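Peer 1: If you count the sequence shown from 1, position 171 lands on 173 in the working numbering, and the numbers rise without skipping.
Errors might be hidden in some of the hints.
[Said to hold, decoys possible] With a straight-line cut-off of 25 Å between C-alpha atoms, the simulated DSS-like cross-links for lysine-lysine are:
(1) K125 / K69
(2) K378 / K447
(3) K363 / K319
(4) K378 / K466
(5) K210 / K341
(6) K113 / K140
(7) K210 / K140
(8) K123 / K341
Honestly, the hints are just simulated from the structure, not real lab data.
Computed from a prediction, not measured in an experiment: that's the story for all the values here.
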Amino acid sequence: MSEVILLYCSDFLNILFVKRLTLIFLPGLVLGIILMWGGGKAIEATSTDKFCNSCHVHPQADISFKKSLHYETQSGFRAHCVDCHLPPKGDGYLPEKVRTGLRDVWSYWFKDSASFDWEAKSKLDHAVTHVYESSCLKCHPNLFPAKLTKEGMDAHLYYDQQVKKGLDIRCINCHLNAGHYDPNYLHAKNTGFGQIASTGEVYTEPAKVESFTGFTEKIPGSGVSFNMKAIPAGSFKMGSPDGEKYRNPDEGPVTEVQLDPFFLGEVEVTWDEYMTFFAQTSRGGKTATDQKAAAPEVDAIVGATPPYGQPDQNWGKGKRPAISMSHHAAQVYCQWLSKVTGKTYRLPTEAEWEYAARSGKETPYFFEGDPKQFMKKKLFSSKRDTAVINSFVVYQENSKAKTQEPSFVLPNPFGLKNMLGNVAEFCADWYSPDTYSKYGQGPLKNPNGPASGTEHVVRGGSYKSAADLVRSAARSQTLTEQWLKTDPQSPKSIWWYSDCFYVGFRVVCEFDEKTGKK
């Protein structure tokens, strides 16, 4: 009898447990279904172009999108904001949507949209952080469609090869214009580049220099002139001391250097100057033989072919520093300038460059201030005092992500502008991280770097650089392969970099018998 009672009680308890479990589970299941359905609807509602535009306060983005190839396609398919600015579903879509949404809501409510530099944010450096390669490939899985041009085939083949090598190359590097139309964007051979209108006086003779004083050089056959500053002979400590903030290992040990006098360009070579060189020497569609016949007056120096794309990035030419040319092109420019002026022009040595940049100072900059004082602070840090550096340097914090004209800054004690910032500058020396250690303590007389190498020295930092990278001692180097990453031509150009828009150069004129040395 007791066994029957126990069995009955057990069955009763099981039934009671199941009922209670059902009462708990069923509402939870229903609630879960409702939440999933509601979540799906919320994701759908917040993924429309209209919803995106309700939060984003830059109407030009929507206007340029509606003019782009992604808005009106030949197939009739219309891309939407989330198709490019989020990864595909199943590939981290939801976490990225939440992260992006929180960031945009924060910006909408707590940031001043008037302070946003929309032009800078439309450039490639920023765009690559908001466009997903996986999304591009999801919509365009076939890299070699039947209607693709031979040029496109070659470019996509190159892309495919680089990706298989594990190199960081993206669709947007070449197709920046696909999602947001820019009428000035060009990713093709720029056959119209270099066409300049001659206005005003045309010089027939270069400047005559009879003493060691600054002079204004005149380029014969053009109306272009530029100022050269006389840099006196002297000695200085090259490199940075161990205690300098943000010092890099390749900046030492400090070496005593002695230099002869030389002339140095007041500013970096401008587009006006470089375009004159291009116009007088460019091959265009000519062969080297054609060029020799056309320009015997400069001993047939064969200059650059037309660039691929827009070298000036549509920032403007004129007095802005010329950019995008290769180190080789800068050297040929100096050869040409020497021929047309009868003087000896060349790139500065690294020692000459640093001597001129320091202009008698041993501090991190030629003006007062600590690099730490000028660096961008973290949230809630005390406000920086950048008035001094802003007066002398075009750098990350004041450049608006592009080069500026020389009038933007004040000169250093030698009368030179933009030695620090604006564009980084080529030097003649080969780069090596241990150059200074091999020099020894000195004193060294007119050093010119290692006897050989694979990349050249670049100095000065640029409009992209933080304050620590525009110190007088900061060193860098050319990155030839990286700077030609998206050049689809085969062979790649020896004249133009496709992926470097922050390096230019200034010229040295030697003080010799041609320039007044007795």
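Peer 1: Assess, step by step, whether the Cα of K123 is no farther than 25 Å from the Cα of K341, and give holds or violated.
Peer 2: 42 Å, violated
Peer 1: Compare the distance between the alpha carbons of K113 and K140 with 25 Å, and conclude whether the hinted pair is satisfied.
Peer 2: 34 Å, violated
Peer 1: Check whether the Cα positions of K210 and K341 lie no farther apart than 25 Å.
Peer 2: It holds: about 14 Å lies between the C-alpha atoms, which stays within 25 Å.
Peer 1: Take a quick look at whether K378 and K466 sit within 25 Å of each other, Cα to Cα.
Peer 2: 13 Å, holds
Peer 1: Going straight from one Cα to the other, do K125 and K69 come out at no more than 25 Å?
Peer 2: Holds, at about 17 Å.
Peer 1: Could you grab the alpha-carbon distance between K378 and K447 and see if it respects the 25 Å cut-off?
Peer 2: Roughly 39 Å between the alpha carbons, so the hint for K378 and K447 is violated.
Peer 1: Take the C-alpha atoms of K210 and K140, compute the straight-line distance between them, and say whether it is at most 25 Å.
Peer 2: Measuring from Cα to Cα gives roughly 64 Å; hence the hint is violated.
Peer 1: If you draw a straight line from the CA of K363 to the CA of K319, is it 25 Å or shorter?
Peer 2: 33 Å, violated
Of the hints listed earlier, those the structure fails to meet are numbers 2, 3, 6, 7 and 8, in rising order.
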